[in-house]
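Student: Sequences are here, hints too, so could you generate the full structure?
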Amino acid sequence: EAGVAQSPRYKIIEKRQSVAFWCNPISGHATLYWYQQILGQGPKLLIQFQNNGVVDDSQLPKDRFSAERLKGVDSTLKIQPAKLEDSAVYLCASSLAPNQPQHFGDGTRLSIL
Amino acid sequence: EDQVTQSPEALRLQEGESSSLNCSYTVSGLRGLFWYRQDPGKGPEFLFTLYSAGEEKEKERLKATLTKKESFLHITAPKPEDSATYLCAVNSGGSNYKLTFGKGTLLTVNP
Chain A
1 EAGVAQSPRY KIIEKRQSVA FWCNPISGHA TLYWYQQILG QGPKLLIQFQ
51 NNGVVDDSQL PKDRFSAERL KGVDSTLKIQ PAKLEDSAVY LCASSLAPNQ
101 PQHFGDGTRL SIL
Chain B
114 EDQVTQSPEA LRLQEGESSS LNCSYTVSGL RGLFWYRQDP GKGPEFLFTL
164 YSAGEEKEKE RLKATLTKKE SFLHITAPKP EDSATYLCAV NSGGSNYKLT
214 FGKGTLLTVN P
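Heads up: the sequence lines are chains A and B, in that order.
Take the first sequence: its letters are residues 1 to 113, numbered as in our numbering.
Take the second sequence: its letters are residues 114 to 224, numbered as in our numbering.
Certain hints may be false.
[Unchecked claim] Counterexamples of contact, computed for chain B against chain A with all Cβ distances above 10 Å:
1) Q127
2) G142
3) E158
4) G167
5) E168
6) E171
7) K172
8) D195
[To be verified] According to the in silico footprint, chain B covers these stretches of chain A (three or more CB under 8 Å from chain B):
9) 38-45
10) 100-111
Quick caveat, the hints were computed from the structure, so don't treat them as lab data.
C-beta: ideal position from N, C-alpha, C; glycine also.
Tutor: Spelled out as structure tokens, the structure:
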């Protein structure tokens with residue numbers, strides 16, 4: 001089966017600019033997650049969707065980050081405006097259900113100049 | 114607050130030299146402990162889920178065990194292709210399965 005697809009793979013922007021990431025989960029997976037992974041750290045959950053509803057966004061910096069999952073399939077994560085500390089890899093993961101293993105995409109590496 | 118601490122931060126082994134990675138955790142009511150492998154430039158790859166103390170899971174040269182305070186990932190006769198970062202995570206969100214990850218252990222296996 002096809003894995004979790006993410007694009008772009010790399011993105012370089014200047015601070016205060018906007019950026020968006022796209023994720024296509026594994027077919028049939030109802031649960032979708034966005035993580036931020038800073039170099040040398042483990043992934044940190046930003047937001048969790050169940051179908052197209054938000055389950056947990058407690059660690060999402062809502063003043064600059066937003067995410068949506070239209071029709072319960074694809075998802076986008078947006079940062080506006082970006083700060084230097086947002087430089088990280090943004091990982092998308094999906095699972096059949098919350099109690100099933102999460103499968104990760106290869107992420108988008110974001111560099112802020 | 115749930116915490117996951119992995120040690121050592123980095124481990125260098127010779128091919129065939131067995132060892133163990135440690136994951137200690139504090140969580141209010143463990144609902145699952147997860148091990149992932151992450152290669153450079155890739156997303157984490159799921160390895161194991163453990164739910165209760167005394168449980169063990171095996172996959173090729175890897176065996177994961179769980180106690181009430183920590184988990185070990187035992188690597189038997191490792192090969193260079195086992196080189197990767199190994200991440201441990203605990204479910205800290207109850208039925209929502211919100212994962213809290215440790216920083217990982219970078220394993221290098223030299224031929």
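Student: Against this structure, judge whether each hint is valid.
Tutor: Now the hints, each set against the structure:
1. Q127: holds, 25 Å
2. G142: Holds: least Cβ distance 15 Å, greater than 10 Å.
3. E158: violated, 7 Å
4. G167: holds, 21 Å
5. E168: Holds, since 15 Å exceeds 10 Å.
6. E171: holds, 16 Å
7. K172: Check passes; 13 Å lies beyond 10 Å.
8. D195: Nearest chain A Cβ is 19 Å from B/D195, so the label holds.
9. 38-45: holds (count 6)
10. 100-111: As far as the region 100-111 of chain A goes, the hint holds, because 7 residues have Cβ atoms under 8 Å from chain B.
The structure is inconsistent with hint 3 alone, although it conforms to all the rest.
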